[in-house]
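Protein chains in written order, with my numbering: chain A, 1 to 135; chain B, 1 to 139.
In short, the hints are calculated from the structure, not lab data.
These numbers were taken from a predicted model, which means no experiment stands behind them.
Every residue, glycine too, gets a C-beta built ideally from N, C-alpha and C.
There's no promise every hint is true.
[What the hints assert, rightly or not] Calculated cross-link-like contacts (lysine-lysine; reagent style BS3-like; alpha-carbon spacing at most 27 Å): (1) A:K79 - B:K134; (2) B:K137 - A:K79; (3) B:K137 - A:K131; (4) A:K74 - B:K137; (5) A:K74 - B:K68; (6) A:K74 - B:K134.
[To be verified] A partial selection of chain B residues facing chain A, derived with a Cβ cut-off under 7 Å: (7) K111; (8) G112; (9) L114; (10) A118; (11) W122; (12) G125; (13) V136; (14) E138.
[Stated by the list, open to error] Listed next, the stretches of chain B that the computed footprint assigns to chain A, with coverage defined by at least 3 CB atoms under 8 Å from CB atoms of chain A: (15) 46 to 58; (16) 126 to 133.
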Amino acid sequence: MPRVSIWFIRSALIYLLFGFTLGAFILTEKGTALIPTAWQLLPAHIEALLFGWTIQLILGTAFWILPRFPQEPKRGNEKVIWGVYILLNLGILLVAVGSFFLIHSLLFFAGRLLEGCAVCLFVIAISPRVKPFAS
Amino acid sequence: MPLLTRLFIRTSLIFFVFALLVGVLLATQALFDLPSFISALTPVFFHAFMVGFVAQLIFGIVFWMFPKYSKEKPRGSELLAWLTYIFLNAGLALRLIVEPMQQTGLVARWKGLLVVSAVLQWLAGLFFVANTWKRVKER
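Chain B on its own, in the form it takes in the complex (with noise of 0.2 Å):
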């Protein structure tokens, strides 16, 4: 298994730890009186869990064993996979700080973030598909 699908893997697996750890704090606030900062953690529970989560589970899988792209470039750009990696989560983990803290008030002034952050994840979905698309062939 090549280094950089093991970082997918092993990020995946701790995007989903944490995803269930929001989840159980979203539960607990519909038994307890906790402060409203929790319930603008509700858009963090499904994005670390479908994004950080699922989407980069398969990312890996697939950089891994979907039919090689030749002979010199089995795996395609290995440029292109490592930005997607690095976009994906930068852009994830920045949507993650930031929003919660924007919905509660707490950073107003640092919302534009999250433009940057909608930036680096659509760019590493664009990165995953150009590396994708070659190698999916029938050899």
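Only chain A is shown next, with the shape it has when bound in the complex (with noise of 0.2 Å):
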């Protein structure tokens, strides 16, 4: 596995249990009605769930598992694997950091424009992999 498939993976299990505690602190309210505040952890807790941890695993997955090229780099340029895994971790914690302290939107559109940049630069870096193996 290459090393910025490990940073992406173990930084998503670190959002896995993240997104897993803010869920039990919102379940918890439910339950027991002790931590009215805990409704404020609900954006933070769809994104560490849903971009830290799901998106981020795929990511880091798919640079570690797919048909690498003949030639080095076997995988690509890891250079830019390396600025989407900053600008995405970024991204996920302006926008987590943002809906916490109710500084909604401005945090959350530069969260989701560095997310967005994320994905392009990852789509573009990947694509030529997506091809059949020993090509």
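Starting from the two chains in their separate frames, assemble the complex, guided by the hints.
This is the structure in structure tokens:
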């Protein structure tokens, strides 16, 4: 597994636990009505589990497992994928933090913009590897 | 494919069908005057789909295909993996039953069960992360 995939997947695991923790707080509030501010965590809960966990895991695994090129660099330009990793995680943080502190619109926009750039970069970098094996 | 992976995947497919049936029911409510109980199923739809299907499918595939932990324990701790499966499904099932009933006021006194569900699912996440972390490596 390449180093950048390790970072993607371990970050995804951290977000999984973070997202489950927020979800547990919200569900506890539903059951007890003891922590009304828990509802403020809902957008961060969704962001952590959708982008932080699911999408990040998929991107890291795709870079690891899709067919490689016969010549070096066999997985394409890894520096671009590091850029994807940084942009995506900055984007997730901005959206999650922005939604929690109710300074939603500006941080939300910046976060989504970074996530969009990350996804576009990833698509451009990974497309040549969507091919039959050994070609 | 290990037995536990087959269980994860088969259970995830059951949740997939269940989630889409609930989705159809929710969409039907927009067309016909169905009981208000139906609209309380929105969180059931999302969690059956995202936790029961998507996350559970990923858990099963990761347990099967990620780099081996060691020769003696290729998939890490089998106990942690089984506890992940049991806690995730027990917690989710509990939630899917109690949450809509609680929202419609049918079983208000049982709503403490949602806390049990939250703890079970959180532990499942913790066990999965603990068991997978060591397998995310170069070889």
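Cross-check of the supplied hints:
1. Distance check on the hinted pair: K79 of chain A and K134 of chain B sit about 25 Å apart at the alpha-carbon level, within 27 Å; holds.
2. With a C-alpha separation of about 19 Å, the suggested pair K137 of chain B and K79 of chain A falls inside the 27 Å cut-off, and the hint holds.
3. Between K137 of chain B and K131 of chain A, the direct Cα distance comes to roughly 26 Å. Compliance with the 27 Å bound is thereby established for this hinted pair.
4. The straight-line distance between the Cα atoms of K74 of chain A and K137 of chain B is roughly 18 Å, inside the 27 Å bound, and the hint therefore holds.
5. As the CA atoms of K74 of chain A and K68 of chain B are separated by approximately 23 Å, the hinted pair is consistent with the 27 Å bound.
6. For a cut-off of 27 Å, the pair hint linking K74 of chain A to K134 of chain B stands: about 25 Å separates their Cα positions.
7. The closest approach between the C-beta of K111 of chain B and any C-beta of chain A is roughly 5 Å, which is under the 7 Å cut-off, so the hint is satisfied.
8. Hint on G112 of chain B holds. Least Cβ distance to chain A is approximately 6 Å, under the 7 Å limit.
9. The beta carbon of L114 of chain B comes within 3 Å of a beta carbon in chain A, closer than 7 Å, and the hint placing it at the interface holds.
10. Of the supplied interface hints, the one on A118 of chain B holds, with its beta-carbon coming within about 4 Å of a beta-carbon of chain A, less than 7 Å.
11. Given the 7 Å rule on beta carbons, the hint for W122 of chain B holds: about 4 Å separates it from the nearest Cβ of chain A.
12. The restraint placing G125 of chain B at the interface with chain A holds, with a minimum CB-CB distance near 4 Å, inside the 7 Å limit.
13. At about 5 Å, the closest approach between the beta carbon of V136 of chain B and any beta carbon in chain A falls short of 7 Å, and the interface hint on this residue holds.
14. Taking 7 Å as the C-beta cut-off, the interface hint given for E138 of chain B holds, the closest approach to chain A being about 6 Å.
15. Residue count for the stretch 46 to 58 of chain B with a Cβ under 8 Å from a Cβ of chain A: 4. That meets the three needed, and the coverage hint holds.
16. As drawn, the stretch 126 to 133 of chain B meets chain A at 5 residues by the rule of a beta-carbon pair under 8 Å; at three or more, the given contact holds.
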